[in-house]
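Turn these sequences into a full structure, and let the hints guide you.
Chains as they are written, first to last, in the working numbering: chain A, 1 to 332; chain F, 1 to 345.
Everything labelled a hint here was simulated from the structure, so no lab data went into it. Every residue, glycine too, gets a C-beta built ideally from N, C-alpha and C. Each hint should be verified, as a subset may be incorrect.
Chain A is faced by these chain F residues, among others (derived, beta-carbon under 8 angstroms) [as the list claims (entries may be wrong)]:
#1 Gly62
#2 Ser63
#3 Gly64
#4 Val161
#5 Ser166
#6 Asp167
#7 Gly168
#8 Gly191
#9 Ser195
#10 Lys197
#11 Pro199
#12 Gly203
#13 Gly209
#14 Gly212
Here are the simulated DSBU-like cross-link-like pairs (lysine-lysine), alpha carbons at most 30 angstroms apart as the crow flies [what the hints assert, rightly or not]:
#15 F:Lys154 with A:Lys158
#16 F:Lys140 with A:Lys270
#17 A:Lys270 with F:Lys215
#18 F:Lys181 with A:Lys158
#19 F:Lys140 with A:Lys158
#20 F:Lys181 with F:Lys140
#21 F:Lys124 with F:Lys140
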Amino acid sequence: MSADVPLQSSGFTHELGAQRRTRLVTRLAMLLDPLFFLLTLACAASIVAITVLLVHQLYVHSVESRNALGWNFLIGQNWDPVAGDFGALPFIFGTIVTSIIALLIAAPLGIATAVFLAEMAPPRLSRFLAFLIDLLAAVPSVIYGLLGIFLLAPFLTKVVVPPLQKALGFLPIFSGPFYGVSLFTACIVLAVMVVPFIVSISREVLLSVPRDQREASFALASTHWETVWRVVLPQARRGIYASVFLALARALGETMAVTMVIGNTPQIAKSLLAPGYTIAAVVANEFTEATGDLYLSALIELGLVLFVVTIVINGLSRLLIHATTGGHDHHG
Amino acid sequence: MKKAIVGAVLIALTAGNVALADPPVLSITGAGATFPYPIYSKWFDTYHKLHTDLQINYQSIGSGGGIRQVTEGTVDFGATDGPMDDKALKGFSDKRGCNVLHFPTVLGGVVPIYNIPGVKGEIKFTPEALVGIYLGTITKWNDLVIAKDNADLKLPANDIVVVHRSDGSGTTYIWVDFLSKVSKDWKEKVGVGTSVKWPVGLGGKGNEGVSGLVKQTPNSIGYVELIYALQTKMSYGSVKNTAGKFVRANLKSVTAAAAGAAKNMPEDFRVSITNPPGEDVYPIASFTWLLVPDQIKDEAKRKAIVGFLQWMLDKGQKMTEALHYAPLPKEVVEKEKKAIEKIHG
Numbered sequence: 001m002s003a004d005v006p007l008q009s010s011g012f013t014h015e016l017g018a019q020r021r022t023r024l025v026t027r028l029a030m031l032l033d034p035l036f037f038l039l040t041l042a043c044a045a046s047i048v049a050i051t052v053l054l055v056h057q058l059y060v061h062s063v064e065s066r067n068a069l070g071w072n073f074l075i076g077q078n079w080d081p082v083a084g085d086f087g088a089l090p091f092i093f094g095t096i097v098t099s100i101i102a103l104l105i106a107a108p109l110g111i112a113t114a115v116f117l118a119e120m121a122p123p124r125l126s127r128f129l130a131f132l133i134d135l136l137a138a139v140p141s142v143i144y145g146l147l148g149i150f151l152l153a154p155f156l157t158k159v160v161v162p163p164l165q166k167a168l169g170f171l172p173i174f175s176g177p178f179y180g181v182s183l184f185t186a187c188i189v190l191a192v193m194v195v196p197f198i199v200s201i202s203r204e205v206l207l208s209v210p211r212d213q214r215e216a217s218f219a220l221a222s223t224h225w226e227t228v229w230r231v232v233l234p235q236a237r238r239g240i241y242a243s244v245f246l247a248l249a250r251a252l253g254e255t256m257a258v259t260m261v262i263g264n265t266p267q268i269a270k271s272l273l274a275p276g277y278t279i280a281a282v283v284a285n286e287f288t289e290a291t292g293d294l295y296l297s298a299l300i301e302l303g304l305v306l307f308v309v310t311i312v313i314n315g316l317s318r319l320l321i322h323a324t325t326g327g328h329d330h331h332g
Numbered sequence: 001m002k003k004a005i006v007g008a009v010l011i012a013l014t015a016g017n018v019a020l021a022d023p024p025v026l027s028i029t030g031a032g033a034t035f036p037y038p039i040y041s042k043w044f045d046t047y048h049k050l051h052t053d054l055q056i057n058y059q060s061i062g063s064g065g066g067i068r069q070v071t072e073g074t075v076d077f078g079a080t081d082g083p084m085d086d087k088a089l090k091g092f093s094d095k096r097g098c099n100v101l102h103f104p105t106v107l108g109g110v111v112p113i114y115n116i117p118g119v120k121g122e123i124k125f126t127p128e129a130l131v132g133i134y135l136g137t138i139t140k141w142n143d144l145v146i147a148k149d150n151a152d153l154k155l156p157a158n159d160i161v162v163v164h165r166s167d168g169s170g171t172t173y174i175w176v177d178f179l180s181k182v183s184k185d186w187k188e189k190v191g192v193g194t195s196v197k198w199p200v201g202l203g204g205k206g207n208e209g210v211s212g213l214v215k216q217t218p219n220s221i222g223y224v225e226l227i228y229a230l231q232t233k234m235s236y237g238s239v240k241n242t243a244g245k246f247v248r249a250n251l252k253s254v255t256a257a258a259a260g261a262a263k264n265m266p267e268d269f270r271v272s273i274t275n276p277p278g279e280d281v282y283p284i285a286s287f288t289w290l291l292v293p294d295q296i297k298d299e300a301k302r303k304a305i306v307g308f309l310q311w312m313l314d315k316g317q318k319m320t321e322a323l324h325y326a327p328l329p330k331e332v333v334e335k336e337k338k339a340i341e342k343i344h345g
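Structure representation (structure tokens):
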């Protein structure tokens, strides 16, 4: 701007200098652009490199277990370090069941909370609650585990499960004795742990939906509820899905809190109230004291399996979303 | 004024440098078992105060890691709660071109804990009862196998909830080693290891996980390290030994277990001392070992490690009881002093 309007006091020379400077800056910027491109490319490439390296290392170091056990590793149900027989199915089962159920609880809860915070709550209250939720996300998982075992487990045993079994005990998934630690307990702890991720991201996404969209909807005599349901949520859909995927990834890989409340029993139980085990938990539990190459290699292969399970579940949920939304997912 | 400050800073800097450079500190690293970590760190710290030119660093990464690292030669010594098996020994010699020596340092015991509403007294466990409970063949507290030795306690007809460690651990190793010595069934069906395929039960992580589960679950039984039970002032049961006596675990009865086993102690100290002979011994106990290569080429390091081992067997043993570890019996100390001579250049 200043280059176009010569100032009275400094006159012609000043104008020339300013022009030169502008040209220099432009030229520098043109030089910097490819540099920036390379820099960001390098950062993005590092993500790929880390992932490839991770898979490669897991693959290489699990060679002994892959050779000795083959596909039986994936379908076997026997985990016997003493006999050297390793089957990962109970762990895969526990991982998938706890994560999916945790998400079924956390997603509606989290999205509804985010809608309240972004659409209904007074801004000051919304900001305060958002701060609290971010704080929840920062709580170490061992704390959730401790709360789970000392608070939630007795509460479930005394208050929740007896009436639940009285009412629905005829269903296999609520049958059998309950010891406080179980798949069910793990699901609830996981749900509480991942809710902050869903709320925090979904709230930001909802807030970024332009105001005039809402006003247009109100102008068409929509109610508040109709506006949220028909206008705001569809616009924010992608961001909300992203938050759910992040929560899913977190639930699949969560270790400490899960191992403290799940009962650590490698079995495929039909009841949710029975104890179970997850992949991440068994690796964390047994890795430090694992002696023998096959044992160690089997634990590393479990890491590889967890990686694959995460990819498959993520892919399947994306497909599911694509199918249910009919592929018309072109909103911002 | 300015000059004075600069001068002071310079003096301080040089003084700092001098303090850093002199005396040269020899650093020795070790890694392994977590169970003896409190006493090891106390020993290494005290030894450093006596010999300021020597610093021993110990990482408690677990027995498995300790064996692997000392085999790879990434640490000067390892530590383990379970002795290395023949295959691991051979792996060590193939890799390092020398042998590895086991040095027992202290003893640990493992005790049964339980929570039965209405039962306050100390339960007496026979080996058969413990095996039955953990195999899942005994399912009720009033089963005759348990009840016949506990007539005074009125054990209820409730289902037993079995709790075990979920993480691989030396504690589990000692527990199942005992079960497999007293029961052929256990030996064939389950076996011995830091983690096993449990026939029944819930898994808790660490001593605190097991005791937490037992405290919260009525009619449950679990097992924890004696040290943990003593530190947290928990009540625990007594176990019948080979002499037919029910013995409560304490530092004395655990040390007695090692003394009972000392007569048949092999030269390399790789021995399980569960269920040993002897009148007043507590039968579920074990050594924990340091793993030292018998050839250490670096002379300064060799002297330092030998010096520490001698001190550990002498003064070090007197420090164990304050931390609730059972000291080695005299017979074993004498034998180890001879074994130290095997370390050469």
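Structure-based check of all given hints:
1. Gly62: 3 angstroms, holds
2. Ser63: 6 angstroms, holds
3. Gly64: Holds: closest Cβ of chain A sits about 5 angstroms from F:Gly64, inside 8 angstroms.
4. Val161: 6 angstroms, holds
5. Ser166: Holds - the Cβ of F:Ser166 comes within 8 angstroms of chain A, reaching about 3 angstroms at its closest.
6. Asp167: 4 angstroms, holds
7. Gly168: 3 angstroms, holds
8. Gly191: 4 angstroms, holds
9. Ser195: 5 angstroms, holds
10. Lys197: 4 angstroms, holds
11. Pro199: With a closest approach of 11 angstroms, the F:Pro199 hint is violated.
12. Gly203: This hint holds: F:Gly203 lies near chain A, its Cβ roughly 3 angstroms from the closest one there, short of 8 angstroms.
13. Gly209: Holds, about 7 angstroms.
14. Gly212: 6 angstroms, holds
15. F:Lys154 with A:Lys158: Satisfied, since the Cα-Cα distance of roughly 26 angstroms is no more than 30 angstroms.
16. F:Lys140 with A:Lys270: 24 angstroms, holds
17. A:Lys270 with F:Lys215: 27 angstroms, holds
18. F:Lys181 with A:Lys158: The given pair, whose Cα atoms are some 40 angstroms apart, is violated under the 30 angstroms limit.
19. F:Lys140 with A:Lys158: 22 angstroms, holds
20. F:Lys181 with F:Lys140: 24 angstroms, holds
21. F:Lys124 with F:Lys140: Given that 30 angstroms is the threshold and the Cα spacing comes to 15 angstroms, the pair holds.
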